[in-house]
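Chains A and B supply the protein sequences, listed in that same order.
Counted from 1, the first sequence has number 82 at position 54 by this note's numbering; the numbering is strictly sequential.
Counted from 1, the second sequence has number 199 at position 171 by this note's numbering; the numbering is strictly sequential.
Hints may be right or wrong, so weigh each one.
For identical chains, the list gives no copy identity; a pair is met inside one copy or between any two copies.
[Said to hold, decoys possible] Under the rule of at most 25 Å between Cα atoms (straight-line distance), these lysine to any residue pairs were calculated in the SDA-like manner: (1) Lys80 x Asp226; (2) Lys232 x Ile125; (3) Lys232 x Ala168; (4) Lys232 x Gly155.
For the record, the hints were derived by calculation from the structure and aren't laboratory data.
Since the model is a prediction, treat every value here as computed from it, not as a measurement.
2 protein chains.
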Amino acid sequence: MNRRRTLKTELGVFETFAPALPAAYRATPFVLLANIAPALQHHVLDQTRRPKFVAADTMDLWLNIALPDLRRLLRRVDLFVLNDSESAQLTREDNVIAALPRLHRLGPRYVIIKLGSHGSILSGPRGLFLCPAYPLPRVADPTGAGDAFVGGLMGYLAAGGGGIEARLRRALIYGSVTASFCCEGPGPSRLTRITRADLERRVKALTQLTRF
Amino acid sequence: MNRRRTLKTELGVFETFAPALPAAYRATPFVLLANIAPALQHHVLDQTRRPKFVAADTMDLWLNIALPDLRRLLRRVDLFVLNDSESAQLTREDNVIAALPRLHRLGPRYVIIKLGSHGSILSGPRGLFLCPAYPLPRVADPTGAGDAFVGGLMGYLAAGGGGIEARLRRALIYGSVTASFCCEGPGPSRLTRITRADLERRVKALTQLTRF
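So that you can see chain A by itself, here it is in the shape it has in the complex (with noise of 0.2 Å):
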């Protein structure tokens, strides 16, 4: 469950994409660069406005065939999601403690590792937060549980007012929230069928299942 392999990565229309913005979402604050080429990312990135927050999420993929185009991504974006094995391909360090900061030298002020059920680890200028995974007895279909939780996660962001500091810990929850109902049918078929009710249901028993 914790171990994801790529077999084999179709692009498909991806291969030639170079999508033009529409111009009613480059003043987006929030931009969320989600997995494909990053020359691709940068080509979006490149026709936004000033954004106030960028996170950028990768593959294994673009570590082996992109790594220039990628660190050089990784010197614009706020926020950088990756899962433990490409951290360790990336850093040469398996220990995800270790090597958080030499992600923060790669040039992201905030890196988020994911660990599949075992949740995920923020490391920002307030230190690190340990993010549980909500428990789920049965996996479904893990396919997409990655880009849920980062979605979730900037939903959060997007939507609320104040700081990102002060809230980025609860974007991480129910980013979590996110992922575990995506888990819960196959691609993203649960997803489509939840409530809010249902996250802060979720986001409630995720405290209760955490606190001490």
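Assemble the complex: chain A is given as a structure, and chain B must be docked to it using the hints.
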């Protein structure tokens, strides 16, 4: 770091060990049956007088060669502590959340599944508690970390007043922190040099690392 495999077990003097509890120990209210042959755990438990709380640890060897003894023991203990691979072997269920009800059905009211550097999960009448591990940038030697965890946990329970249920979550936190010190030196060397203040500092730090 999180997958340990037993290459060989040398029981040594334990092969023919039949400990006689000193009289002063027999009325101890908190009994920890650390990992050894289940027959010996029974033998020690038989010598105690109405303990308030009994915990048992185990390892894969006993699942392989002494399962009937172990199953009989589980009907006599309050808390069963095991790691995720032992849980999977015993229940034939890889998902730890799904395995927990099966472990309770073997007898113990409380079950803790240890997850190495990912912490541990407590299951009991009040539901689950997700206990974090103290983050370490360097693990010198994890040998004995499981014993340190359950030792710290039982020490906290035995030292405090009030009901067990109310103190169990914090007991796991103290166990987790005790285990973190164990990992920082070869064998128990680091553990022999810590003070109560060192423990309290890490408990406080773990609180800061997990609040949201």
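Consistency of the hints with the structure:
no.	hint	result
1	Lys80 x Asp226	neither (29 Å within a copy, 40 Å between copies)
2	Lys232 x Ile125	between (28 Å within a copy, 19 Å between copies)
3	Lys232 x Ala168	within (23 Å within a copy, 37 Å between copies)
4	Lys232 x Gly155	both (24 Å within a copy, 14 Å between copies)
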